[in-house]
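One letter stands for each residue in the lines below.
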Amino acid sequence: MLLELADVEVAYGAVTALRGIRLTVDAGEIVTLLGANGAGKTTTLRTISGLLRPRAGQVLLDGEPLSKIPAHQLVRRGVAHSPEGRRIFPAMSVRENLLMGAFHDRKHVARDLEHVFGLFPRLQERVSQAGGTLSGGEQQMLAIGRALMSRPRLLLLDEPSMGLAPLVVRTIFDVIAQINAEGVAVLLVEQNAAQALKIANRGYVLETGQVVLDGPSGDLLADDRVRQAYLGEDVAVPEHDLPHQLAK
Amino acid sequence: MGFVHQFWQLTIDGLMSGSLYAVIALGYTLVYGVLQLINFAHSEVFMLGAFGGLFAARELVNNFSDTPSGMASVGIVLVGLAVGALCGAAAAFTLERVAYRPLRKRNAPRLAYLISAIGASLFAVNMAGKLWERQNVTMELPFTNGTVFHVFSAEVNTKTLVIILVAAVMLVLLDTLVARTRLGQSIRAVAQDADTATLMGVNVERVILLTFIIGGLLAGAGGFLYAMTFSASNNMGFIPGVKAFTAAVLGGIGNVRGAMLGGIVLGLVESYGGYVFQASYKDVIAFLVLVLILMVRPTGLLGERLGRAA
Amino acid sequence: MSTTSATPATPSVAPTPPPSQPGGAAALGRAAAAALFSLAGLRQLGVCVLIGLTLALMTGPNGKAAEPLGAVRHAILAPRIVTYLIIAAVLWLLIALWPLARPLWSMGQAAARGPVTAVAQQRFAPLGLNLALLIVAIIMPMFFSNAAVTWMVDGVGIYALLALGLNVVIGYAGMLDLGYIAFFAIGAYTTAYFTSKTAISAHFPVSLNPFFVFPIAFVLAAVAGVLLGAPTLRLRGDYLAIVTLGFGEIIQLIANNSHWTNGPRGAFGVPHLSIHLLGINYSWKLDPKPYYYLLLAIIVLVMIAFGRLERSRIGRAWAAIREDEIAAEATGVPTLRLKLLAFAIGASVSGFAGVLFASKQFFNPQIFSLQASFLVVTIVIFGGMGNRLGVVVGSVVLQGLAFYLRDKVPATDRFIYFGAVVIVMMIFRPQGIVPSRRRKREISLAEHGVGHADSLGSAPTSESGAR
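Going down the list, the protein sequences come from chains X, S and P.
Heads up, the first sequence is in our numbering, so the first residue is 1 and it goes up one at a time.
Heads up, the second sequence is in our numbering, so the first residue is 1 and it goes up one at a time.
Heads up, the third sequence is in our numbering, so the first residue is 1 and it goes up one at a time.
Simulated from the structure, these hints should not be mistaken for lab results.
Here a beta-carbon is modelled for each residue, glycine too, at the ideal position from N, C-alpha and C.
Careful: at least some of the hints might be erroneous.
One-sided excerpt, in silico: chain S residues whose CB lies under 8 Å from chain X [what the hints assert, rightly or not]:
hint: 1; residue: 177
hint: 2; residue: 181
hint: 3; residue: 184
hint: 4; residue: 189
hint: 5; residue: 192
hint: 6; residue: 193
hint: 7; residue: 195
hint: 8; residue: 198
hint: 9; residue: 200
hint: 10; residue: 293
hint: 11; residue: 297
hint: 12; residue: 299
hint: 13; residue: 302
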């Protein structure tokens with residue numbers, strides 16, 4: 001198992017944000033984490049990448065606890081995190097932003113730059129433009145590209161579709177699937193449940209800091225509670241997308 | 001003599017003090033860049049560097065019966081600069097560890113940092129006063145201070161030339177460091193977004209410490225230049241500190257080249273202004289400049305680049 | 001597919017295991033040795049030795065510039081160092097063995113807490129406490145020498161009043177003012193200008209009774225505060241600190257250099273306060289006691305007034321600004337105006353105190369030094385920012401100690417200790433010795449990423465404030 005969260009609890013002062021999360025990601029999987037605002041999705045990702053420390057429970061990478069490993073060394077172990085709100089370095093150029101992704105190891109920079117430009121040709125056109133002046137979609141591409149520059153085994157993506165036009169969202173999700181096909185495991189936090197479940201193998205539903213539901217994407221897509229709460233009544237899920245009925 | 005006659009002399013003088021302000025201002029701007037807070041105790045880093053450099057160089061100069069010349073002079077100045085820089089770096093290191101890091105570990109509010117820096121400043125100023133008396137300490141110049149060349153009507157003497165040259169070298173080195181090296185890359189990343197820099201594998205704590213140390217090296221070396229020219233005393237840091245801060249704001253706080261430009265501009269303005277007004281009110285000029293920038297162009301001449309984009 | 005039931009997560013409190021298991025003297029010894037000689041323990045030893053050396057240096061003999069390392073040698077490479085190494089060792093034992101002793105401590109604390117809370121919860125407690133303190137303050141001068149009472153006015157009382165004013169800036173509005181004494185100077189020189197024809201070169205055509213100067217100084221200091229604050233506060237709050245620092249220096253510079261102010265010689269012969277009203281003729285003279293009671297009355301009034309202010313609409317708005325300035329602005333709180341108001345109130349209290357000071361004694365520009373401003377900041381921080389009683393207690397304790405140690409510690413060395421006190425407070429107890437409950441909660445919340453506990457960020461109304 002690549003990543004495992006064992007009963008992780010996180011608190012901001014007196015406010016408990018995660019109440020015992022259990023979650024696993026296997027190598028090569030896409031796992032999505034769904035939930036409303038404030039359910040604890042971003043907190044979960046920030047805990048995995050060491051920016052927050054659990055009050056109880058453990059985060060395990062390759063079965064090894066991460067509690068003693070400083071956050072900045074996680075990228076060496078193959079975890080890359082594309083954070084909420086994209087967090088591009090605004091005064092750095094596109095190229096410099098990508099180089100920051102390869103900060104810990106610059107052996108493969110040239111090849112990896114080409115790889116990222118292959119995935120997002122738009123970034124190559126804007127290579128010397130300042131990150132802060134890019135459009136939202138371009139910034140998202142840059143954030144993902146920057147994360148890829150570290151050659152991760154596990155990619156943590158926090159709401160890549162936030163605030164983007166549907167067409168751009170489709171591009172982004174296509175690339176996520178492509179990255180996954182190259183062997184990178186993805187933990188995808190999304191509010192756009194329909195899109196996320198379409199490309200994910202499995203999913204978890206978070207509510208007020210707890211996992212309330214988990215299972216294969218197909219099952220989640222068919223679950224009434226998911227349909228009602230996260231897909232909305234209007235979202236028609238095509239019948240042929242459902243591999244099998246929800247086992248009760 | 002009128003202003004026109006004095007113009008070139010005032011310009012040279014302004015450049016000299018301006019380059020010192022620039023060197024100190026970099027410390028404010030770098031720390032502001034990575035922590036978004038004013039390091040109020042930076043003026044004390046300057047003061048401690050000044051004492052260290054002065055004592056070391058004075059020891060060497062005293063070995064000569066006459067004013068040393070040639071390689072000896074160069075050597076003494078270099079030793080003074082090195083010791084001053086090291087003392088400044090040590091002071092900055094201690095400051096970061098004692099007054100800032102414990103607060104950062106706790107994620108304290110920014111007010112706490114400012115207050116803790118005031119405490120450190122109070123401690124350092126009075127400790128230095130206790131250790132080395134509360135008076136001006138001077139040294140003999142390690143070189144013959146003759147006129148080297150003329151710029152129009154103005155004389156440029158050795159002292160002025162040494163200060164401007166050393167400052168220029170330090171500014172170029174620092175600019176290269178920030179713009180070209182891996183450390184510079186991580187400093188810029190931390191300044192723009194510390195959390196994301198962590199995600200990229202940057203050890204933010206280490207970068208912060210190194211930023212303090214770099215600021216300390218510069219301020220310490222600048223302190224030696226200042227002490228060699230004028231004198232050192234336990235409360236010497238305050239006025240140059242406020243002026244250097246003004247220079248940093250003038251150039252755009254957080255912006256490395258801005259701090260350099262701001263220092264030079266402030267030095268010139270002060271030099272010309274000191275001629276126009278009374279000399280005893282010269283120190284007021286920097287303050288007026290500060291208030292004026294805050295009213296007219298708070299982001300400074302070059303804008304706040306290194307830190308959060310405005 | 002599994003559905004995780006919403007069982008409440010087991011509260012995973014992990015208390016340190018009680019060390020004294022039965023049969024455990026040896027086990028306890030082993031645990032202690034393990035704590036002491038672990039890497040962390042040795043590191044703590046290093047820190048403690050450094051603290052010991054610093055203390056040795058702080059208390060050691062004065063040095064000379066001609067012999068840079070002389071003081072260090074006499075303070076550290078001398079027999080007296082043994083004392084400080086012992087202090088360091090004791091400190092180390094305390095720190096390193098603290099985790100082992102903690103269960104005992106918390107047991108004792110729990111036992112003690114019951115009765116204490118019971119008393120504290122009674123409604124009359126704060127009022128009763130305040131009255132008791134007031135009575136103590138009233139009868140205190142009767143037991144002290146004249147010199148001590150003089151200090152209770154000049155040192156403790158005046159600084160308590162100044163701290164109450166600065167508390168509005170630091171404690172209520174969450175900003176930092178480092179040139180606070182400048183307004184005090186404005187008050188003092190205003191008094192000299194209006195009350196006497198001879199005190200300083202500049203004078204008003206008619207000499208007024210000092211009591212009439214109170215409102216004048218009050219207004220003048222407030223105006224100076226607004227003029228200084230208005231351009232600065234539009235931007236980041238931390239710029240205010242450095243602008244006030246510069247302002248403080250400039251006021252002193254002008255006082256020192258201008259011939260209107262008599263320059264460094266200062267002001268002589270400002271008349272004492274006096275009342276000539278409805279047949280009552282009373283004047284405050286050299287005896288410090290009447291001044292003490294006047295000051296005490298003023299302090300009590302200011303405390304009552306600021307208490308009301310704190311609980312008023314304005315006080316709540318300040319709290320909102322401290323906790324989240326942008327949210328406050330969004331809900332219609334005029335943040336800039338209220339920050340300016342706090343700054344002006346603080347300034348005017350300082351100006352007010354300046355009148356009192358000037359009419360009591362001779363003064364020169366030396367008094368209005370930067371260190372005086374820092375002293376007031378220290379008092380506020382030490383006492384407890386945001387707590388009126390706290391800052392007064394801060395003044396009593398710090399200035400009281402300064403008086404008590406006046407023959408043992410040189411006056412110039414005092415600020416070494418004040419500096420150390422400020423750093424130590426910020427590290428271990430930023431809320432002060434008598435904390436304001438609200439401020440304490442804010443600081444602790446801010447440390448967990450909720451709110452700010454100060455107003456040093458960009459003002460939301462400024463154009464550069466966009467993030």
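Now the hints, each set against the structure:
| no. | hint | in the structure |
| --- | --- | --- |
| 1 | 177 | 16 Å, violated |
| 2 | 181 | 12 Å, violated |
| 3 | 184 | 11 Å, violated |
| 4 | 189 | 6 Å, holds |
| 5 | 192 | 4 Å, holds |
| 6 | 193 | 5 Å, holds |
| 7 | 195 | 6 Å, holds |
| 8 | 198 | 5 Å, holds |
| 9 | 200 | 5 Å, holds |
| 10 | 293 | 21 Å, violated |
| 11 | 297 | 19 Å, violated |
| 12 | 299 | 13 Å, violated |
| 13 | 302 | 12 Å, violated |
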